[in-house]
Structures are given as C-alpha cells and as structure tokens.
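Visitor: In case you want the letters, here they are:
There are 2 protein chains.
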Amino acid sequence: MSVTAAKGFTAAGIAAGIKENGNPDLALVVNTGPRLAAAGVFTSNRVKAAPVLWSEQVLKGGLVSAVVLNSGGANACTGPQGFQDTHATAEKAAEVLSLNAGEVAVASTGLIGVTLPMDKLLPGVEKAAAELSAHGGEKAAIAIKTTDSVHKTAVVTRDGWTVGGMAKGAGMLAPGLATMLVVLTTDADLDADILDKALRDATRVTFDRVDSDGCMSTNDTVLLLASGAAEVTPEYAEFAEAVREVCDDLGRQLIGDAEGASKDIKVEVVNAASEADAVEVGRSIARNNLLKCALHGEDPNWGRVLSAIGTTSAAFDPNRLNVAINGVWVCKNGSVGEDRDLVDMRYREVVITADLAAGDQTATIWTNDLTADYVHENSAYSS
Amino acid sequence: MSVTAAKGFTAAGIAAGIKENGNPDLALVVNTGPRLAAAGVFTSNRVKAAPVLWSEQVLKGGLVSAVVLNSGGANACTGPQGFQDTHATAEKAAEVLSLNAGEVAVASTGLIGVTLPMDKLLPGVEKAAAELSAHGGEKAAIAIKTTDSVHKTAVVTRDGWTVGGMAKGAGMLAPGLATMLVVLTTDADLDADILDKALRDATRVTFDRVDSDGCMSTNDTVLLLASGAAEVTPEYAEFAEAVREVCDDLGRQLIGDAEGASKDIKVEVVNAASEADAVEVGRSIARNNLLKCALHGEDPNWGRVLSAIGTTSAAFDPNRLNVAINGVWVCKNGSVGEDRDLVDMRYREVVITADLAAGDQTATIWTNDLTADYVHENSAYSS
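Line by line, the protein sequences give chains A and B. Taking this note's numbering, the leading residue of the first sequence gets 6, the next gets one more, and so forth. Taking this note's numbering, the leading residue of the second sequence gets 6, the next gets one more, and so forth.
Possibly wrong hints are sitting among the right ones.
Which copy? The list can't say, so a pair holds if one copy fits it or any two copies do.
No more than 20 angstroms apart at the CA atoms, straight line, and that leaves these computed lysine to any residue pairs for SDA-like [unchecked claim]:
(1) K268 with E382
(2) K337 with F88
(3) K337 with T120
(4) K132 with F88
(5) K337 with V119
(6) K202 with S49
(7) K268 with E25
(8) K132 with D254
(9) K125 with E280
(10) K337 with Q89
(11) K268 with E303
(12) K65 with E246
(13) K268 with A377
(14) K125 with V356
(15) K268 with E143
(16) K132 with R205
(17) K65 with N26
(18) K268 with H381
(19) K268 with D378
(20) K12 with A106
(21) K337 with P85
(22) K271 with N324
(23) K268 with A362
(24) K337 with R51
(25) K125 with Q86
Hints in this document: simulated from the structure, not taken from any laboratory.
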C-alpha cells in the first residue's frame, strides 16, 4: 500500500521529536530506480513556504531521488532562516543516502511562522534513513498526519504496473490544491514530461476541486515519482487514468476527514456554457457559509444555492435555474419546485445538483458543511 | 431620529401578521415634499428578489413618493407570482395614499423561496397608512428587523438640513451591499442626480466594505429620498460627507449586531499600489474562515493573514509584507516580528493592519469572527 506499493521505492516514518507530543512526524521516501523521474504540483498561494520554494527548484530537473516530509511545523513565513533549514534538511538526506541534495525534495506541514527544531529534525533524517524499507509506506503516511484523524493511502494496479500514494490534509483544503502533502509513486517506466502531464491532468479535476473551507495553504505539494522498476511503459491514457483514480480516491478521503465536518457535500454543476463557468458556480456554492451551515442543520435550503449562483459571472438566466438536493428538484425555473420535505438529509453525503440550463458542460466540487466543531478546532489552538 | 428626523417625511411601523410571532413586520415611509427626488442602490446579485426588480424600475424615474418595506419574507425566487405580489403592494400603497404606483418603491427581507401572505400584507399597508406620523421613524426601523437584536438608526444635522436613516441587517452581510434594507432621508433641496452621486460615493466606501460572512443577498436595497422641506441646497461635498457619515454609522451598527459574532474586525490595508488592490486584499483577509475562527479564539494568528494575502493578485513582495494586530507588528518582512503575546485580544474590536509596502493607497473592510453561535443561528432554522 501507500508509496511502497509500486516496486522500486522504500519509505520510513518515525518520531523525530518535532511534535511535542512524541507522535510520528518525519517521513522519508526513496526512489531506488532504475529510473528517477518525477513531477510536482505546488500551491498557487503567492506566500510560499520555504520547502515549496526549494522543491519547485528541485522538480525543474525532473529528477527526484528522495523526499523528506515533516509534520509539526510548516516552515512558512520563516524568512531566510527557514530556507536555510530546508536546504540543510536536503543536504542531510543527501549525505546519509549518498545522493545529490539537488535531487531531494522537501515538504513540511504544521503551524505557520515558527522555525523548525533542526536539532531534532536532522538526527530524525538519519534515523529514518536507517529504517527505510519496501514495506515502510504505511508508517510514512502516518508520520505526515497533522490534525488528520486517519492516515490516507490509495493504490491502483494495472497490467504489471502500479500507482500508489499517501496524502495528509484535514483543513485549509482549497483550490490551487487543498492544504495537502501528497506523494504518489509508480513503477511504470515513464519520463518526467509524461509524469508532469498526467499529474496536472489529474490534479486539475481532483485535488483542485476539493474545497473544504475556501482557505489556500502556503505548503501544498503533490509529487509523482517513477522508478521504472516494473519495466513496463503503459499507454498515456491508461496511465493518466490510473493517476486520476488514485488522486480522486485520496481527495475523497481528505474531504471525508475534514476538520469538524459532519457532511461531505458533492456540488455537481450541469448544463453550463463552459467548464470554467461550471467550476466558478461550483466553488461559489461550495464556499457559501450560510448554505454550509444550513446543510449542517439538514436544511435543504435551496434559496442559499441560488443566492450563491447569483454572485458569479457564469452564463445563466435566473428564471431557468434548477436545483436538486439529494435528487429532489426543490427549485425549478428559479422558483419553488418539488416539496423540500421530500429531501432525505440523514446521511453524511449530500449531493447538490445545479442545472444552469445554458450548455452541456459540467464540473464537480467537493466541500464540507460548516460546524461548531470546525470553529472549535480552529479557534481553540494555533494551527 | 431615523427616517423622520428630516422634515417632509412621515413613517409608520406595524404588525401586519406576516411574521407568525406577531412582531412588527411592515413599515411605510412617505415623502410629503415639496420635492420627491430619490436615488437607489441595489444588490449586485444576479438572482434578484421581485421587490428589487420592481424598485430598480421605479428609481429610474428619480422620483419616489413612498416606500413599503416588509420583514417576514424576502419574496425572492418566487417566480411571476412574486413579481405580481410586489406590484399589488405598490398599487395598494398608491391607492390608500392617492399616489401613482410607479412612485412607490418596495423592499422585502426574510426567507427566500416563499411567497408573501398577501391577505395580511395588503390590509397591513392600509393600517400603516392610517398610522403615518412625523414621529414614526423609530417604529418603522423596528418593523424591518429580522434576526437583528436591535433596530438601527442614525442622524446627521448640518446648518439647517438633516440626513437621517434606518437600516436592518444581521447576517448575509457582504459586498455589492450587505444583506440590508436601508432608507435614508434628507430635507435638503437636491435633485435626483446629486442624490445618486452622493449615495454611490457613500455606499462604495461604507456598506460595500462591510463583509460579515461573504454571502451576498438577493434583496439588498439602499434608498435616499429628498423632500426639499428644509429649503436649503447644500454644497455637494458637504452633503456627500453627511450621507457618508450616516452610512458609516449604520454600517458599523450592522457589523456590531452580526449574527453570532463576538468580535468586530477592522481590516486596514495600507501602502497598496492601488485602492482596488487594497480592497481585494482586505476582502480576502475578511473572508478567511480559518483566520475568523482564530480571532474568535483570541489567537493573533498572523500566518493566516499572510496566507489570505497570498491568494490575491495584488502587487506585493512576500518578503516585504508587514502585519499588525491591535497595533503590535507580529509579522515583519514576511516573517516573525514582535512577540505575539504582546497582542491584547480581550476587546470586541480587533484591528488588523496589513502593510503591502507597494504604494500609498488604503482601504478598510469590516468583518466579524466565525463562531459556533453563527453556525447555530444559521443551521437551526431556515432563514
């Protein structure tokens, strides 16, 4: 499972002491080859954490031998010291693994604005390297958790090759990637350009459409590493589909574990004039705090859906809008439709279908409800 | 006080039975002249309530004799029936006041997607007309309350003339106007064009920068009526300042009474390259749910401020950003600044200053914190 499901990878997850509670907080993933191809997608937030700035440079070469990931501190907004710390982390991994530091990606997650305890992190890298194993994927996935209640992994196996991965993220999930660290691995034999295309095609319709609370992180990182160990080169379409499937699975797990949420909400926008319109409308609905509160209260409040659609620039006629909640068309032609009492709101998953009656394009955005628990989790502690 | 502070206006507020709990729910404001000039600003939501569609037409003439306002139902997303109901309301007021229906503006607030009980509303108009008085401003302000805990009025008096007004709004406060109904009156002798300019200049920097929860209503309406009864024509600058002062006062009252809020948050953006940049950054900070939760928890979490700034397209260098919370510069040059423990978060008002170090333009946005009470108020009942 996880990042070691594909051949040609070892991983480890250990407690380095970065987290004060002693939980696992450092993961290492190593590509043992024969190929060392890689691609990465990073946060579009213009305030980027030091490890993002570092790893963006590393990925430009299309070659990654190892990834060091830590929870317990985001190393964001930490100035020149933060960048030096990331650099030192990569150098340490390179030293103990006999690699070039320019092939070591780094990813961090946790509190913004606090420097990392390097006296614990650097020995941690050494310790993790000593524990690398072809069965270490689960431990690595556990070590990157922050407020996640469970660790997240996914695997898809095709004819002789595999794509697997791990993810962490439980809040600050938003477009331009949710607040997530994701490492995907494959033993398929593919070059960096193909990996890059497959990763971008997949994240655009999966992680980029997970929008738990509208907040965009400074640290989002999604990496895809290929070892070539399966000695198989799949067709692009088949490979891209497998990557998308793994991303979709992990994205769904992120929404299912979002901080304080009691509902997973699938916003389907149909009959839009363009995909961009569908995404804009889906995001507007997904970010409407009043609607998210109503859904938490199991109130199929379609008026708040219309109100959210009305703030967009998408093509639609207000008098032709239709909205279904869990399959009941509670709004027809911009006005009262079927009886809202027919909507069954008891289950965790809620499906909102917004029909713009303006074309044939669609998009799906996933979000969560807004709850007192979310407020509590994000007001009671710094995070 | 309120809409009857200026000479040339009568008003009334009564219980018509639209609200099931028997509270006041219908207000009438009448301009007794000699002048009947008026201007209006309406929601920029493309899903507009029937009374907004009606009143936009009325205001095109620049002449308003009376305004009928009801709480207890928004008459939004009610289809052709909704528009007929608004029309009937204006006709009824015109009949009992011997006016032309085309001079009667209508405004509604309450639940979306439910038609109004016209069998109660129309007799209510008659009853309100019978109670019109030059001292009826307070009662009118009370009758337009929905979840407001207090009614809101403001008055500014200058040399021989007055601008007064009333407002309602407690949630769904957002740009393109907060969810609000506002009626302003003046006895200054000014024509509709001047009123329109003064009203737009004022709302742009007041109501339009009140952003409690990022949700934009289908019903927002701000009207300014001039009676000319003071027989004074002030200079434009002086008049515009008085209108802005009244709008600012009412806007501050709206934020202070926002549903479930425990903090009133002033987001000041300074040293922006343009006013548009300052507004974009201010709104992004004001809408960040994670930050709003942190401030509720009295946590001066500047990392979430930087994270919000980073999602904008404003001109700035991440390494030159400075952030103060209640006057303490907790972030300097994009990194850790003064000790966050110096920030005193005990009071209801919180001031966040974001220094973009990119120019000399500024803007201020007002918002609230995100609380469990907000979630409760908006999930426990339809609204």
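Visitor: Take the hints in turn and mark each one as holding or not.
Guide: Hint-by-hint comparison with the structure:
Taking identical chains as interchangeable, the C-alpha atoms of K268 and E382 lie at most 20 angstroms apart whether they share a chain (16 angstroms) or sit on different chains (18 angstroms). Proximity of K337 and F88 under a CA criterion of 20 angstroms is satisfied inter-copy only: 17 angstroms between copies versus 55 angstroms inside one chain copy. Taking the closest pair of Cα atoms, K337 and T120 come within 20 angstroms of each other only across two copies (15 angstroms); inside a single copy the shortest separation is 54 angstroms, beyond that limit. When the C-alpha separation of K132 and F88 is checked against a cutoff of 20 angstroms, the pair qualifies neither within a copy, at 22 angstroms, nor between copies, at 72 angstroms.
Taking the closest pair of Cα atoms, K337 and V119 come within 20 angstroms of each other only across two copies (13 angstroms); inside a single copy the shortest separation is 51 angstroms, beyond that limit. In this assembly of identical chains, the alpha carbons of K202 and S49 lie at most 20 angstroms apart only when taken from the same copy (17 angstroms versus 39 angstroms across copies). For a Cα distance limit of 20 angstroms, the shortest separation of K268 from E25 qualifies neither inside one copy, at 31 angstroms, nor across copies, at 31 angstroms. For the identical chains of this complex, K132 and D254 are neighbours neither inside a copy (31 angstroms) nor across copies (62 angstroms), given an alpha-carbon limit of 20 angstroms.
In this assembly of identical chains, the alpha carbons of K125 and E280 never lie at most 20 angstroms apart, being 47 angstroms within a copy and 46 angstroms across copies at closest. Only between protomers do K337 and Q89 lie at most 20 angstroms apart by alpha-carbon distance; the minimum there is 19 angstroms, versus 58 angstroms within a single protomer. Only within a single protomer do K268 and E303 lie at most 20 angstroms apart by alpha-carbon distance; the minimum there is 9 angstroms, versus 27 angstroms between protomers. For the homomeric pair K65 and E246, neither the shortest alpha-carbon distance inside one copy (24 angstroms) nor that between copies (56 angstroms) is at most 20 angstroms.
In this homomeric assembly, K268 and A377 come within 20 angstroms of each other (Cα to Cα) both inside a single copy, at 13 angstroms, and across copies, at 16 angstroms. Taking CA atoms no more than 20 angstroms apart as the test, K125 paired with V356 passes in neither setting, with 46 angstroms inside one copy and 37 angstroms between copies. Neither within a single protomer nor between protomers do K268 and E143 lie at most 20 angstroms apart by alpha-carbon distance, with minima of 27 angstroms and 43 angstroms respectively. For a Cα distance limit of 20 angstroms, the shortest separation of K132 from R205 qualifies neither inside one copy, at 34 angstroms, nor across copies, at 65 angstroms.
For the identical chains of this complex, K65 and N26 are neighbours neither inside a copy (36 angstroms) nor across copies (66 angstroms), given an alpha-carbon limit of 20 angstroms. In this assembly of identical chains, K268 and H381 lie within 20 angstroms of each other by CA distance both inside one copy and across copies; the values are 17 angstroms within and 15 angstroms between. For the identical chains of this complex, K268 and D378 are neighbours both inside a copy (12 angstroms) and across copies (19 angstroms), given an alpha-carbon limit of 20 angstroms. For a Cα distance limit of 20 angstroms, the shortest separation of K12 from A106 qualifies neither inside one copy, at 23 angstroms, nor across copies, at 78 angstroms.
Proximity of K337 and P85 under a CA criterion of 20 angstroms is satisfied inter-copy only: 13 angstroms between copies versus 56 angstroms inside one chain copy. For a Cα distance limit of 20 angstroms, the shortest separation of K271 from N324 qualifies neither inside one copy, at 24 angstroms, nor across copies, at 38 angstroms. When the C-alpha separation of K268 and A362 is checked against a cutoff of 20 angstroms, the pair qualifies neither within a copy, at 27 angstroms, nor between copies, at 41 angstroms. Taking identical chains as interchangeable, the C-alpha atoms of K337 and R51 lie at most 20 angstroms apart only when they sit on different chains, with a minimum of 17 angstroms there against 41 angstroms within one chain.
In the homo-oligomer, the alpha carbons of K125 and Q86 lie at most 20 angstroms apart inside one protomer (16 angstroms), although the nearest pairing across protomers, at 69 angstroms, exceeds that limit.
Violated hints, in rising order: 4, 7, 8, 9, 12, 14, 15, 16, 17, 20, 22, 23; the structure is consistent with all others.
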